[in-house]
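Using the sequences and the hints given, assemble the complete structure.
Chains as they are written, first to last, in my numbering: chain A, 1 to 265; chain B, 266 to 423; chain C, 424 to 1210.
Incorrect hints may have been included.
What the hints assert, rightly or not - Which residues of chain A face chain C? A partial, calculated answer using Cβ under 8 Å:
#	residue
1	R40
2	A180
3	S181
4	L242
5	G244
Treat the hints as calculated values from the structure; they're not laboratory data. Just so we're clear, the structure is a prediction, and the values are computed from it rather than from any experiment. C-beta: ideal position from N, C-alpha, C; glycine also.
Listed here are the chains, written in short residue letters.
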Amino acid sequence: MYAFDYARPASLAEAIEAMKDEDAKALAGGQTLIPTLKQRLASPTTLVDLNGIAEIKGICLKDGMVAIGAGTRHAEVADSADVQRLIPALAHLAAHIGDPQVRNRGTLGGSLANNDPSACYPAAVLGLGATVHTSAGRAIAADDYFQGMFETALGEGELITSVDFPVPEKAAYMKFVQPASRFALTGVFVAKFLGAVRVAVTGASESGVFRWPEAEKALSANFSAGALDGVALGADGMIGDLHGTPEYRAHLAGVMARRAVTAAG
Amino acid sequence: MSRIHVTTSVNGDEVDFLCEPDETLLDALRNRLGLTGSKEGCGTGDCGACSVTLDGRLVCSCLVLAAEAEGREIATIEGMAEGEALHPLQKKFIEHAALQCGVCTPGILVATKALLEKNPDPSETEVRYWLAGNLCRCTGYDKIIRAVMDAAAELRRA
Amino acid sequence: MDAPDHAPPVRDGVHVPRRHDSAEKHVAGRAIYADDAPEPPGLLHGAFGLATIAHGRITALDLDPVRAAPGVVAVLSADDVPGENDTGPVARDEVFLAASEAAQSGDVHFHGQPLFLVAAESREAARRAARLAQVSYAEEPAVLSIAQAMEAGSRFGTPYRMARPDAEGRDAPQAIEGAPMRLSGRVEIGGQEHFYLEGQVAMALPGEDGDLHILSSNQHPSECQLIVAHLLGLSAHAVTVEVRRMGGGFGGKETQGNQTAAAAALIAHCTGRPAKLRLDRDDDIVTTGKRHDFVIDWEAGFDATGRIHGICVTQMARCGWSLDLSNAICDRAMFHADNCYYLPAVEIVSHRLRTNTVSNTAFRGFGGPQGMVGIERAMDEIAFALGLDPLAVRRANFYDPPDAGGGRSTTPYHMEVEDCVIAEIVDDLAARTGYEARRGEIRAANASSPVIKRGIALTPVKFGISFTTSFLNQAGALVHIYRDGSVMLNHGGTEMGQGLFIKVAQVAASELGLDLDRVKITATRTDKVPNTSATAASSGSDMNGMAVRDACAKLKARLRGFAARHWKVAEAEVEFLANRVRVGRKTIAWEALIEAAYLARVSLSATGFYATPKIHWDRDAARGRPFYYFAYGAAVTEAAIDTLTGESRILRVDILHDVGRSLNPAVDLGQIEGGFVQGTGWLTSEELWWDDTGRLRTHAPSTYKIPACSDRPRVLNMALWEKGMNRELTIRRSKAVGEPPLMLAISALHALSDAVAAAGDYRRYPGLEAPATPERILAAVERVRDG
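Put into C-alpha cells, the structure is as follows:
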C-alpha cells in the first residue's frame, strides 16, 4: 500500500467534510478497496472509514419499500427477516456473495459505489429498479446510476447513504460463479412487478450491469422460462477474459435467465 | 502519516498498540502483539488463513485495517483454548486427523467456532459452504468436515 | 538382531494411527513456521524487482529511485553477488539476479524474473521500493506455448527416446501396422500451481566468521546450503540451513525455496544484518515454477478385446526458461507412460521444451501424472471405439500379477514388474462399489435426464518408487540417547504436513522398544545430518525410516554387547522389550540400562545411513531398474455435469490404495484424501492462464481455483488395501504414499468425460482436455451433440 492518513468520522456530516479532500477515499467494508490498495492500484491521501457512522446502517420499511442503509453488511441483509419476507431474492443474493468473511464485512454501499462489472448487488438494484440516495441529497434511479464498468452517477466525494428497493410480486437471482473469486461470471436478476418485468444481467458485459429488454418484453407477455425460447444475447460487447469467452457469457446469461424465472415461480 | 494509537480487546485482554494507518489487523496481531497463529496465506481475503472474529463476526484480518479495531473485540486462535484445556473443536480436529501442514488450521477452527455459535446444529452442506472461504491445500476437507460435525454434536450434548 | 518385522508392543509404535507430531500446536496456533520465528533486532526485509517483459535484454537500468525510497537500506544486483550468480539445482543455467547495474545489462527470460533485490527496514517499504526501478528493455520475440516451442525447435537437449520391441522383434510402428485396429489421438494437459498455504519464506541470521544460519521453508536443505554457499563464495560448512516445518510443499519447495533463501542470505551477507524475505502470494505464483503442462500424441494398434499390440507416444512438455528438474520430471513422465499396462512394442519420445515462462518444477507425481493421463486417454478412447467398458480394456492390458510367468511384465525401460497387484485391487474395488451395475444404472438414468448427465470411471495407478537419479536414493539419521533414557531423533527428511516426522519417530520407538513419548523429533538441520536428498519422490519415510533404523540398530548392538558383558550373559540372552530389556533372567528398565551403559563409557549416539538397494539405470540405453518397487491403487469416481452450463460435480469417490503395511494408517489416509483432491483440482478447476505477452494472469486465489470445502465430493470412501505388503524389505514392509494417490484423480477426468459422452448419446468421443473447466465441458458437450 502507499501511505495514507486514516480518518474515522462519527457522523455523515463529518464524513462529507472529510471527503472534500479530492484525494480522499471512502472505506466501507474494504473487501475490494484494501486488496486494491495492497496492489498499489490506488493512492489516496486519506482513507475515510465509514464504519463508525450509525445513520447509514440498518434496514427499515418505508412507503412499501425496503430501505437499506449503505453501511449495512451483506450478512445483515441476508439475515434480515424483513428482507427475507418481502424480497427473498435479495436476501438470497446477499447470502451468496463471496464467503462468510466477505459477507461479514462487505456493504451494500461499498459494492454499489465500486460497481464491479461482476458484482451481484448491481443486478438486484437494477433488476428491482431501486433508488440510490446519496450524501448530496440526490435520489438516483437505478437506470441512471450504473454508467459502465466501475462507473457510476456519483459525484466527487459523494457517498451513498441508502437504497430503497421496491417489493416485487416475485423475483429471483441466479448466478454462475467464477469459481475462484465467487463473483458472478454471469448473473441474472429477474423481477416481476404488476404489469412489468425487469431483467438485469451482471458479470457479462464490458459496460457493466445492464437490462435485457428482449427478455423483459418476452417475460412481460408470459412470465415463464419457455417465453425466453428464441431470445438470446449476442456476444458483442460481452467480456472475454481468462475466465470465459464472450460467447460463453452470453450463453450463460440465457441459461441463468431461464433458471431465475423458474426459481421465481 | 502519523501513527495511530489503538485500544482494543484481544481474546478478552485489553491491549493497546501504535500502528501505521496502512497496517492491517493481521500484521498488528502478528508483529505487534506476537500472535502468530493467524497466517497470511494470500493477503487478499481469499484463503481464510487469517480468519479472526471481530465483535463475534468472522472476518479476514488481512482485509481489516488495524485502526479499525479501535474499541472492538477480537478473538484469535490463541484464545480458543482455556489455558491448557483445548476447546472441543480443537480436540476433534486432532482426533479426526483433520490437519496436515497446519497453516489453514487456525483459520478453519476460528471460522468453525463462529459458525457453531450462530448455528449449533448445521447440516453438512451448511458446513461445507460456510468453510468455502477457508482454503486447505493438504487435506481433501473430508476429515475437516467429519471433525466439525462430530464437534457440533458433542457441543450440543454439553 | 531382531527380525525385520518384529516390534515390541510399545505405545504408539509403528502401524498405529497416531496423530501428526504437531497436531496440538497446529490447533492452538502455536506451531512456529519460518515466518513466525521471533524477529531479531535490526532485521531487514527483502523484495525482488521483477522483469516486466517475457524475453529480451536490459538496455538501461536506474536503481537510484529504489535507493531513495523511504526505509531502503540496500539495493543489490548481479554486481553484488560475491560467488556464482546462479541458483540452478542441476544445470548452472538459472541466473539469480538477472540485472547488472554496473554493466547496465541483463538477459530477461520470463515475465516476472527477479532482476534485483531490495533490502529495507520493513516488508512494506521493500515491496514499495521494488517497483520504482527504471528499466529499459530491447524486447525479443517470446516463445510461450508448447506449440510455439515445437515450431521453433526450442528445446533442452535432443528429444529423449525409450523403446522396446515386442517378443517377435517388431518395433512399435511395425506392431501398430500389424495390429487388427489402429487409433491415434492427442491430449492436452494443463499445469498446476502448488499453492502451498505458506508461501516461500526464509530468514538468514549472520554469525561469527561470516557464517550464516538460514531458516527456510524448504524441502531440500542440503541443496539450499550448497546453492547459498556457491552464491556467496563460502564453503558449505559456513552455511547452516534449518527447516522445522513447512506449510505445505508438494514439490514446490524442492528447488523453488532456494531463490528466497539465497535472497535473504545475500542481504545478510552484504549488510551484516539479519534478513528475511517472504514473497507475497502474487509474486510467489509469478516467480516460482509449476507442474509442467504437456501435450501428448499417441498412436496405438490393438485387437478386438482392446489389448494393445504396439504404441507410439510423443510427450511434449513445457519446461520454461531454465532446466531446473525438468529432465528427471520428463523422464518420469516416460516411466509412467505405461501406467499399469503391458505395452508389447513401445516407443516413447520426449521433448523438453524451452519457453519464456517461469521454469516448471517438481509437483507431486513429478511428471508421472502427465504420463499416466496419456495412456489412460488411450485406454478410454480405444474402449470407446470398440464399444467396450473402458474397465474391460484396462483389465485386458494389465501387467501380469506376481510370479504369473505370462511374459507380460516387462516395462518399456526393461524393468520387470514383480509386484503387480493391480488386477486384484481393481477386482476388489469394482466388487465393493458395484461398479458394473452402477455403470448400467447411470446410463439408463441419463436417457431420461436431459440436462444433468452422470458419468463413472474406474482408473488404476501404478507408481514407481525411488528417485530415478540413482545417487539421490540415500539418507542419513542421527539418534542420541541421553543419560535419562530420552531419545532425540534427527534425520534428513523435512516435515511439510505429510506426517513424515511422526512416522519416523514411530519407527525409532519401535526399533528401540520405547513408547513414542520418549522420542523427541527435532528440526531438520544441515549441521546435524549432512548431504541429504530432497524430501521428495514419496521417499521420505522409506529412506529416513531405514536410516533411523540403522542408527537404532547400532545403538542396540552396543547396548546388547554392553549388557551381555556387564551382566555376564550371552548376547543372545539380551532381548529388547517394551521400555525394558531382558538380560538373562533379569528384566532391566530402559533408563537403568542407559545409566549403566553411560557409566561404563558406551557411546549413546549413532548416525544411521541408508542407500536403496537393487536400483540402477543406464540412461543412454534407456534400460535398468530405476524403481525399488511400485505402489498401486485404484479409484471409482461418479460425477455429474450440467449440460447447459458445463458445471460439474463429483458425486461419489471410492478409493482402494496399497500402502503395504502402513506405518501410520491415519497419516496414510490423510495423504490419500489430500492427494486425490489435489489431483481433481489439477484436472478439473486449476487453470493457469498466460496472456500473449507472457504474463501469468492467474496469480492469486481470486483467479486460480483450487478445490474448496464446498467442492468436496458428496461421498468419499477411502480404504487401505488390507492385503498390502511390500515384497521388498522396506521399512516395516510399508509403501510410499505421498504421490501415488494424486493420480487416482484421473478417474474424475474420465467420469466427466463419460458424462459428456452421455450428452451425445455415446456416439462421439468427447476428447475432454484437462483441466475440465465448465467452459471446456460445455464445448465438449456441444462437440458430441454436433457429431
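Agreement of hint A180 of chain A with chain C interface, Cβ distance less than 8 Å: The hint holds - A180 of chain A has a Cβ within 8 Å of chain C, the shortest such distance being about 4 Å.
Agreement of hint R40 of chain A with chain C interface, Cβ distance less than 8 Å: Where the cut-off is 8 Å and the nearest Cβ of chain C is about 7 Å from R40 of chain A, the hint holds.
S181 of chain A as an interface hint toward chain C, with CB separation required under 8 Å: Result: holds, 4 Å to nearest chain C Cβ.
Status of the hint placing L242 of chain A at chain C (closest C-beta pair under 8 Å): holds, 4 Å
Chain C contact restraint for G244 of chain A - C-beta distance below 8 Å: holds, 6 Å
Going through the hint list in order, the structure satisfies each hint without exception.
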